[in-house]
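Model the full assembly from the supplied sequences, consistent with the hints where possible.
Here the protein sequences come in this chain order: A and B. All residue numbers in the first sequence are consecutive under numbering that gives the first Met the number 0, ending with 683. All residue numbers in the second sequence are consecutive under numbering that gives the first Met the number 0, ending with 683.
Among the hints, erroneous ones may be present.
A short, non-exhaustive set of chain B residues, derived as facing chain A with CB atoms under 8 Å [what the hints assert, rightly or not]: (1) Ser40; (2) Asp234; (3) Leu495; (4) Arg514; (5) Pro550.
To be clear, the hints were calculated from the coordinates, so they are not data collected in a lab. By construction, the Cβ of each residue, glycine as well, lies at the ideal position given by its N, Cα and C atoms.
Number of protein chains: 2
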Amino acid sequence: MNLISFHLQIILFITVIMTSPVSSQNIVEIPDLMPMPEEISVKTGEFRLAEDFTIGIKGEAGTRLYKYATMALRRLSGRTGLFFRQDFITPDKNESSPDLLITCNRVGEVRLHEDESYTLTVSESGIIIDSETDMGALRGLETFLQLLNADADGYYFHAVVIKDSPRFAWRGLLIDVGRHFMPVDVIKRNLDAMAAVKLNVLHWHLSEDQGFRVECKAFPKLHEMGSDGYYYTQDQIRDILKYADDRGIRVMPEFDMPGHVSSWMVGYPELASAPGPYEISRRWGVMDPAMDPTKESTYNFLDRFFREMTGLFPDEYFHIGGDENNGKQWNANWEIRRFMEQNDIPDNHALQSYFNKRILELLTKYNKKMVGWDEIFQPDLPTNIVIHSWRGKQAMVDAARRGYQSILSNGYYIDLIRPTDHHYLNDPIPEDSPLTDREKGLILGGEATMWAEYISHETIDSRIWPRTAAIAERFWSQGDIDNVVDMYRRLKIIDLQLEEHGLLHNKNQLMFIRRLCRGYDTGPLKNLIDVIEPMKGYNRGRHRNYRQHSPLTRVVDAAKPDALKAREFRNLVDRYLETDKKNEKTYDEIKKSLILWKNNHTDFIEIIKLSPVLKEIESLSEDLSTVSEIGINALIYFQNGWDTDEKWISESLVFIEKAKEQRGQCELMIIPAIEKLVKAVSGR
Amino acid sequence: MNLISFHLQIILFITVIMTSPVSSQNIVEIPDLMPMPEEISVKTGEFRLAEDFTIGIKGEAGTRLYKYATMALRRLSGRTGLFFRQDFITPDKNESSPDLLITCNRVGEVRLHEDESYTLTVSESGIIIDSETDMGALRGLETFLQLLNADADGYYFHAVVIKDSPRFAWRGLLIDVGRHFMPVDVIKRNLDAMAAVKLNVLHWHLSEDQGFRVECKAFPKLHEMGSDGYYYTQDQIRDILKYADDRGIRVMPEFDMPGHVSSWMVGYPELASAPGPYEISRRWGVMDPAMDPTKESTYNFLDRFFREMTGLFPDEYFHIGGDENNGKQWNANWEIRRFMEQNDIPDNHALQSYFNKRILELLTKYNKKMVGWDEIFQPDLPTNIVIHSWRGKQAMVDAARRGYQSILSNGYYIDLIRPTDHHYLNDPIPEDSPLTDREKGLILGGEATMWAEYISHETIDSRIWPRTAAIAERFWSQGDIDNVVDMYRRLKIIDLQLEEHGLLHNKNQLMFIRRLCRGYDTGPLKNLIDVIEPMKGYNRGRHRNYRQHSPLTRVVDAAKPDALKAREFRNLVDRYLETDKKNEKTYDEIKKSLILWKNNHTDFIEIIKLSPVLKEIESLSEDLSTVSEIGINALIYFQNGWDTDEKWISESLVFIEKAKEQRGQCELMIIPAIEKLVKAVSGR
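Written out as structure tokens, the structure reads:
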């Protein structure tokens, strides 16, 4: 479906449900919302925003909604510069006839399946948000803020009726703080952004081979010896939990076991399946250390550990990881082998299953539901565990057929630097799902996963956002909201709104560029970075020997996933070759970009002279110049319908192929477009 | 003194103390340090940085230095992109023959007058930092990082011998979190930046009419009712104190009394000199509420309050404010008048002096030294208090003559948006000081003051930095380091280095501009903002009715103090009119800028159409266009020596005068240069 048919569909939709005539001007004003609501009905008229604007709350609302409504008022003031008279919205200073009236029936609980539905009505005379719980009102307030619009006369909200509720109850973001620690403010600003796009689960990956990140009172050597001093105190954790709760977001902790535990073994080597001593791992990958599942002392340790941690984290779900245990320590330990023989445990997979059953008992004792990566899926575990699918969707289908609930992360690995649409079109329950409706009901939702091998507190935001806003739409909105062109159009708008929360996903790029250039002459590097992306998938680590303390401040870190300028250029070339064939304006636009890139290298080499860190991409910059020149020639040939020289084409394609090579773990993202231009000339 | 003579002076200095011949190439490489060290001797050769670079520590060093050295290694890696093999520097993993060897004799105490001296020697074979205390080593590490240089072959440190120690022991920054609360991460990143420029006191202004910001266990209604929920828990305060201590920075708390206390009275109206109830103040200015100094219950309250707070804050000094008590509540209370009569207290000033003596007793009991604003200076107080001068330097002189120690903030009010050189040239002990050497010794140093009427967590960094780096130099470096041109040259370099600490002083401007423009077409507003500044002094609040919750997201907030582009343009015009008279290149450069500004308005009005928040500066933009056109004409007249039209000149000057008017609380900063051009034409 292309953009036009998508818009037509919405227009038709509006026409059907419209209660009053809509002028042609109104039709184009489809609100730029993300995630798109379940039902939207655009009306005539608008509510104009003025400085006497007030918000009031009715019904059974707790402090959460009052605080959130006050924040919404501040954000509205921040965007519009309007000096609202209302300062804090509190029960004792509630407005009797407010412009925005919020009503809710009860204070919700921040737990799975809580009611998050709301209706939002904007008319000329006022705005109403209606919800069962305060959680629904929070979601409605975010939609309300996205509806803000402006014209020459001022700010306004277009008249509209929205009825909304989520498609999936579990809409998460995993943040790995084990591999690289993330300070409290990083977590907080990401919680703000999550709330803005209606995500409701922070999956906090708190321990790894490279770091144990929680203060543990029962076993203090966990954080004292396993974290290099980078851990959250329990007070900081409680502060974050409160912050999340204020935004209607659950926080599920993960302590990965029996593998991914090197950092535990530094202080407690007796937990391991091989003798110590152990060190915090500085490398990436799958490590050998694994807990010894055959010793009762392991379970005694975990019992005390879970008692403390289940008390700290109130969420009903508790993630125990369970992934990537390579079994080497188990194989090498004859006592473990003997235990397996004596207990009829045929292989390591079964041994891990035994381990899982034992910890499930412990978690059940502390009233927690166990979640684990799809390795834990074993037919003999009870069906009240939740399978977290990462290796493929089949595990999810299999699990559902056997009655297990599941959440999907396969396809949402944002650390792999794939473009937004790749994740956006990945549906937890695709149209061709082989599952029955009852089985489908077991699929709770999904989570984007921000693994932290190659991110720091300076880059994490640009890896999560804005792509995760599109994933959030996948989890919240109906499955047929799947137009990629319109997603990208709205994403560009939402992207800037997300900056309101202090996210650095846009700001830090120029900061990196200033640092990399050692000065203010940032243009040439900016031009280059605009059209490159970090390597995809797991390739980055294959091209450079990364350690935990390696710098994450190079060009590859300044470069963003799904580079906007490069994508828009590729789209432009597609349009030129397909629909706008030989259109003069499109031709000029393409040519202008190509000339900029062709000439950029000359300026760039001047900057490299004083910035040795940029040397690694010198040849990439040179290749950009050369492929752009090829592109210009191809464009001129094509536009004029000139005869082609086969030799030039072959040589160009050979060069283009070579230019696809990574340099500094970066890739040129305009190459496919130039390749298309050259092939168009040759008629290939 | 101009730049050339300054450089000559340094070169002469180097020539004198040089131990080996220096090539002409070396002479230009005066290190870009801020603050400038006490003695610097540039040598031949350089130390080249490679991936096998290591840091080692010898002597009696505590964890503070090991942590700081590890951070320095990370920052070096971050700037250069080098993959150092060394991960964490710890006593058990210390390098035996490191490239950078740090030795220190003892672990310093973070207290006034601790030894912060160090010597830093760079030679081809290695780098040595030598210091009495780890605090000196910290300062030396910052100098070391500022010395990093680069050429086409890579990164290096120029050979140098630096002997350094501070001129003043008290080098502070006040952050007011009472008027607008600042989250923990704001304080932390500013502590990092303070350490980078060798500031060593955070003066934390924790209570105001508009908010009480500390969790108080003895009197919980202080933070519960006086903060709108925006306060630091004691755990957060301890976390910040540790963070500061790790950087060798003292933290002195201020609880302002007997005035500036409205927020205290919300929960404890019995403290006041007039009956309640009280509300948190939302306005700015001097408020009436004052503690009742005649009731013993006030001192009982303060005794318990101080007992708790002096335990929380370990610094030896405790600031009790004491400023701006307007006396209205005291005058209106007949019991207070009677008390004064009975106790021979002639006026309110004497009554406050009585109050001060009482709280001095309490603070002395808890082993604290009392600091207060210059209002507390009363001859009958003992000389172990410290006078904090804000209203003028005379108070400081008077205090010193009577044997009181003092610190200076008058002239360092960075909230007043004055240019950097205004603060830079303000010396706590100017050359013409009338004081004796002994009296001069009583002047401990100074503090930049970041009052928070018009700042938020989004703008505070741009108000503090980079200007405060120049103030830091004033406090650390010798008094004869006072060349403004060279200060600005170095400031521009240090400015970018400060971004390493997560400061938003540069990043947030474009973010604001994107938000204000509601999109990516930021050029026209950026061009305008480059040449405007917020109103100076106390004028901003006179032109708009600001409240605590008013938006701080408008153009005036995106505009920066001491706007770089405008300053450079003014300097360029000065050079053109004075030294480069009619120089073609300078002429072209000036003209290019003027043409940009002249044409900018046409694009800008397109953006206003969709961004009503920008309407308030529409006429400012138009005036920029018009004055730029005037400038272009004046420039052409002057360059060609053409006859002038008196009428045009008069009309132009009238228009220029009018264009000086604020719009949106902003001022055009290129006007003086254009005025000069016009006057140059007329020969005025």
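Evaluation of the provided hints:
1. Ser40: With a minimum Cβ separation of about 25 Å from chain A (threshold 8 Å), the hint on serine 40(B) is violated.
2. Asp234: Given a least distance of 4 Å, the restraint on aspartate 234(B) holds.
3. Leu495: 5 Å, holds
4. Arg514: 7 Å, holds
5. Pro550: It holds, given that the least Cβ distance between proline 550(B) and chain A is near 4 Å, below 8 Å.
Consistency with the previously given hints fails for number 1 only.
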